[in-house]
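Going down the list, the protein sequences come from chains X and B.
The opening position of the first sequence corresponds to residue 259 in our numbering, with each subsequent residue numbered one higher.
The opening position of the second sequence corresponds to residue 259 in our numbering, with each subsequent residue numbered one higher.
Treat the hints as calculated values from the structure; they're not laboratory data.
Any given hint might turn out to be false.
You can't tell identical chains apart in this list, so a pair holds if it fits in one copy or across any two.
Below, simulated BS3-like cross-link-like pairs (lysine-lysine); rule was C-alpha separation at most 30 Å, straight line [said to hold, decoys possible]:
#, residue 1, residue 2
1, Lys639, Lys565
2, Lys565, Lys631
3, Lys481, Lys657
4, Lys446, Lys485
Given next are the chains, with one letter for each unit.
2 protein chains.
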Amino acid sequence: MIEPKVLKGFRDSLPQAELQRKAMIRKLEDVFASYALVPIDTPILEYTEVLLGKGGGETDKQIFRFKDNGDREVAMRFDLTVPLARFISTNREALAFPFKRYHIGKAYRGENTQRGRFREFYQCDFDILGVDTAYSDYQVLSIMASALEAIASSSFVISFSHRGVFNAYLSSLGLADRSVQILRSVDKLGKIGEQGVIEALKADGLNEDQCKAILDFISIRDKDIAKAIDRLETLAGPVEGIMRLREVLSLLQGSGIQDRYCLDASITRGLDYYTGMVFETLLDDTPEIGSVCSGGRYNNLASLYSKQEVPGVGASVGLDRLLSASEGSTYPSCDLLFMTDNEQARAQADPLARQLRQAGLKVDMYLADKKAKDIYSYVDKNHIGFGVTSWGEGRLTLKDFSTRMTYEDLSVQEAVKLVKECR
Amino acid sequence: MIEPKVLKGFRDSLPQAELQRKAMIRKLEDVFASYALVPIDTPILEYTEVLLGKGGGETDKQIFRFKDNGDREVAMRFDLTVPLARFISTNREALAFPFKRYHIGKAYRGENTQRGRFREFYQCDFDILGVDTAYSDYQVLSIMASALEAIASSSFVISFSHRGVFNAYLSSLGLADRSVQILRSVDKLGKIGEQGVIEALKADGLNEDQCKAILDFISIRDKDIAKAIDRLETLAGPVEGIMRLREVLSLLQGSGIQDRYCLDASITRGLDYYTGMVFETLLDDTPEIGSVCSGGRYNNLASLYSKQEVPGVGASVGLDRLLSASEGSTYPSCDLLFMTDNEQARAQADPLARQLRQAGLKVDMYLADKKAKDIYSYVDKNHIGFGVTSWGEGRLTLKDFSTRMTYEDLSVQEAVKLVKECR
Numbered sequence: 259m260i261e262p263k264v265l266k267g268f269r270d271s272l273p274q275a276e277l278q279r280k281a282m283i284r285k286l287e288d289v290f291a292s293y294a295l296v297p298i299d300t301p302i303l304e305y306t307e308v309l310l311g312k313g314g315g316e317t318d319k320q321i322f323r324f325k326d327n328g329d330r331e332v333a334m335r336f337d338l339t340v341p342l343a344r345f346i347s348t349n350r351e352a353l354a355f356p357f358k359r360y361h362i363g364k365a366y367r368g369e370n371t372q373r374g375r376f377r378e379f380y381q382c383d384f385d386i387l388g389v390d391t392a393y394s395d396y397q398v399l400s401i402m403a404s405a406l407e408a409i410a411s412s413s414f415v416i417s418f419s420h421r422g423v424f425n426a427y428l429s430s431l432g433l434a435d436r437s438v439q440i441l442r443s444v445d446k447l448g449k450i451g452e453q454g455v456i457e458a459l460k461a462d463g464l465n466e467d468q469c470k471a472i473l474d475f476i477s478i479r480d481k482d483i484a485k486a487i488d489r490l491e492t493l494a495g496p497v498e499g500i501m502r503l504r505e506v507l508s509l510l511q512g513s514g515i516q517d518r519y520c521l522d523a524s525i526t527r528g529l530d531y532y533t534g535m536v537f538e539t540l541l542d543d544t545p546e547i548g549s550v551c552s553g554g555r556y557n558n559l560a561s562l563y564s565k566q567e568v569p570g571v572g573a574s575v576g577l578d579r580l581l582s583a584s585e586g587s588t589y590p591s592c593d594l595l596f597m598t599d600n601e602q603a604r605a606q607a608d609p610l611a612r613q614l615r616q617a618g619l620k621v622d623m624y625l626a627d628k629k630a631k632d633i634y635s636y637v638d639k640n641h642i643g644f645g646v647t648s649w650g651e652g653r654l655t656l657k658d659f660s661t662r663m664t665y666e667d668l669s670v671q672e673a674v675k676l677v678k679e680c681r
Numbered sequence: 259m260i261e262p263k264v265l266k267g268f269r270d271s272l273p274q275a276e277l278q279r280k281a282m283i284r285k286l287e288d289v290f291a292s293y294a295l296v297p298i299d300t301p302i303l304e305y306t307e308v309l310l311g312k313g314g315g316e317t318d319k320q321i322f323r324f325k326d327n328g329d330r331e332v333a334m335r336f337d338l339t340v341p342l343a344r345f346i347s348t349n350r351e352a353l354a355f356p357f358k359r360y361h362i363g364k365a366y367r368g369e370n371t372q373r374g375r376f377r378e379f380y381q382c383d384f385d386i387l388g389v390d391t392a393y394s395d396y397q398v399l400s401i402m403a404s405a406l407e408a409i410a411s412s413s414f415v416i417s418f419s420h421r422g423v424f425n426a427y428l429s430s431l432g433l434a435d436r437s438v439q440i441l442r443s444v445d446k447l448g449k450i451g452e453q454g455v456i457e458a459l460k461a462d463g464l465n466e467d468q469c470k471a472i473l474d475f476i477s478i479r480d481k482d483i484a485k486a487i488d489r490l491e492t493l494a495g496p497v498e499g500i501m502r503l504r505e506v507l508s509l510l511q512g513s514g515i516q517d518r519y520c521l522d523a524s525i526t527r528g529l530d531y532y533t534g535m536v537f538e539t540l541l542d543d544t545p546e547i548g549s550v551c552s553g554g555r556y557n558n559l560a561s562l563y564s565k566q567e568v569p570g571v572g573a574s575v576g577l578d579r580l581l582s583a584s585e586g587s588t589y590p591s592c593d594l595l596f597m598t599d600n601e602q603a604r605a606q607a608d609p610l611a612r613q614l615r616q617a618g619l620k621v622d623m624y625l626a627d628k629k630a631k632d633i634y635s636y637v638d639k640n641h642i643g644f645g646v647t648s649w650g651e652g653r654l655t656l657k658d659f660s661t662r663m664t665y666e667d668l669s670v671q672e673a674v675k676l677v678k679e680c681r
């Protein structure tokens, strides 16, 4: 006998969790499709060199990598961004540019699992590749809002800033060469607070005035975005990014969705990667879970594989965080269950069950010859709303398990109407 | 620079393929849900011992296996059946029995890739666990029919037989101890023909009479299922499986779907695994691609992990085969494209695009400042049906790219109606 154990950091997805995930993914896919984003997929296994670059040996102990039976160095993908870069380099000719894609799939990291992180997790990314325009920045912001309206458990605010403006400001302070460190320190503002950031900046070797100047900048946070852009301009000067922010604001205002957004200059998204606008999203009810949709503009995605520069802008939806934020919701396995405890009853009920399915209901038939107690335990575990307690030629009696009301002698049409109204 | 190459036996899924796969999976999930099957998922990576059993070293060179960073022997799942057995052993208490689940996901085998097989492929399985009844056998047959009605590119026939009846017949011929070999030889009938099977059986050591007796049995193939069962009974005697076949036939007749099915005694499904009914499905238009939905009854799924016997019946949908059978279909990335070649035009068109999305259309905006030639190349690659060629306050002009007809000065409602009618 072998112990049926699961690897540390991995987990099964039970029906309730999987129903919830699938419902959320379907809503996201519908939003993405409404904006004409197309889906792609890439292999979970790739050449290690393709995923990590040639030097990627020492720093990447968290990656699942091995030699396959053909003695190739292979690794499991650890995100969907590197595979995207490889994908557009491999398939450039076949793709239609500007290329707008989404990609929902699993990725793998051998991370320390203590902080509720898992070694197998979902990524959900969408990106617009091939243009560097205000409209494409705006479109990503607007897809973010549509996506979260479809799936978030509460209202939300999308905050954005512009890395180019911040970098210009750092240059004016004579700190251009320390921007990577500074961005990382500033990125921790939410966790360590202003005082913490000041200490981190001092540890990076900044003096009092420089720290204060950076604090001035990252304190700019306003839902009156025009005002916030003016303040950024006062500090950083009339740089290109200021113009871009104003164009994006104008598009947001034109579509009437500007209330969803906030300019927050403390948002930097730690990664070197970003060159233009950067985005984050907090849920109003559970800000403590962190950003549930983040991204930004980058202008050199495929540099590892190709000399041709590919500008892009995109965001990543935090599926696992959003799922955890709506914990406690239940997902019925079906609309109604025929309470059958013997084979003869099933044979008699089957034509009615088929009719109800054809009318669009999800219909279950209890399949074991067991007692009422067992059937009710099945109902509870599956969060089923209605039971069919008796039936005859084209007629049935429904029991609403939540109200304990009974509806006798319904036609198929009446039953369908009743159940659909309660969905 | 690193070459953006993909591992042998692996492949990217480009937008057209992925749109097709997602459309097919969504239809399948709707069918499964209508029968109250619930989705589950399991990790792609498991302990090697859990997937292969303790002895599984030599024979399993096709498996992707390695030592992880924690020195654990791990392997990538090579099907969804072994993970299901492990899953129900791990989660028995949390699950509602009879447990009806479906599972769609990737699996991995380092197979020789010459025969159009891939090392990363989709599996789509559904099973009913916890009962051994005629109704559950019938329900799987009926889900198979509903699933294929939803996704198959042509009409189809589901053929079935019963392993228990065949085994009883082999016993009566004194061949019980050679059943595994014989079943495997018979399973090749479609490929090697009757004469080939006879030669294979002779090679297994059977004499002329025994070969003829087996040929008599496996030649039974009839859409008049009652007649075929009678002939099976004449050969094998009134064994338990005969009774089960009659009960299932009666259920198929009761639901009026018996024309979908055929009794074909040559179907054995090579694996030792099956104990009762076995199923296969051929498409009428492309029988040469092989069975597109196969399965059967097994009565000891979780024996590797648990002493408790779990009877089950299920089938596997051949997604990749069904996708290849409907090759040539095209999947538009959207319903219509605003033919915009500058940022000002995009800003002006955006409110209309939003209205059309809210009305349920998939709406694209061309995002680059390029020439008409480039826009038409984008239209072609994305198989887009309609273009918006001009627009003003709440009005738009549509061009139907397939007929080259132009529809001028439409309201949003008129445009939505026109496009939805052409979908």
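Each hint tested on the structure:
no. : hint               : in the structure
1   : Lys639 with Lys565 : between (56 Å within a copy, 24 Å between copies)
2   : Lys565 with Lys631 : between (68 Å within a copy, 25 Å between copies)
3   : Lys481 with Lys657 : neither (50 Å within a copy, 41 Å between copies)
4   : Lys446 with Lys485 : within (25 Å within a copy, 76 Å between copies)
Consistency note: the structure conflicts with earlier hint 3 alone.
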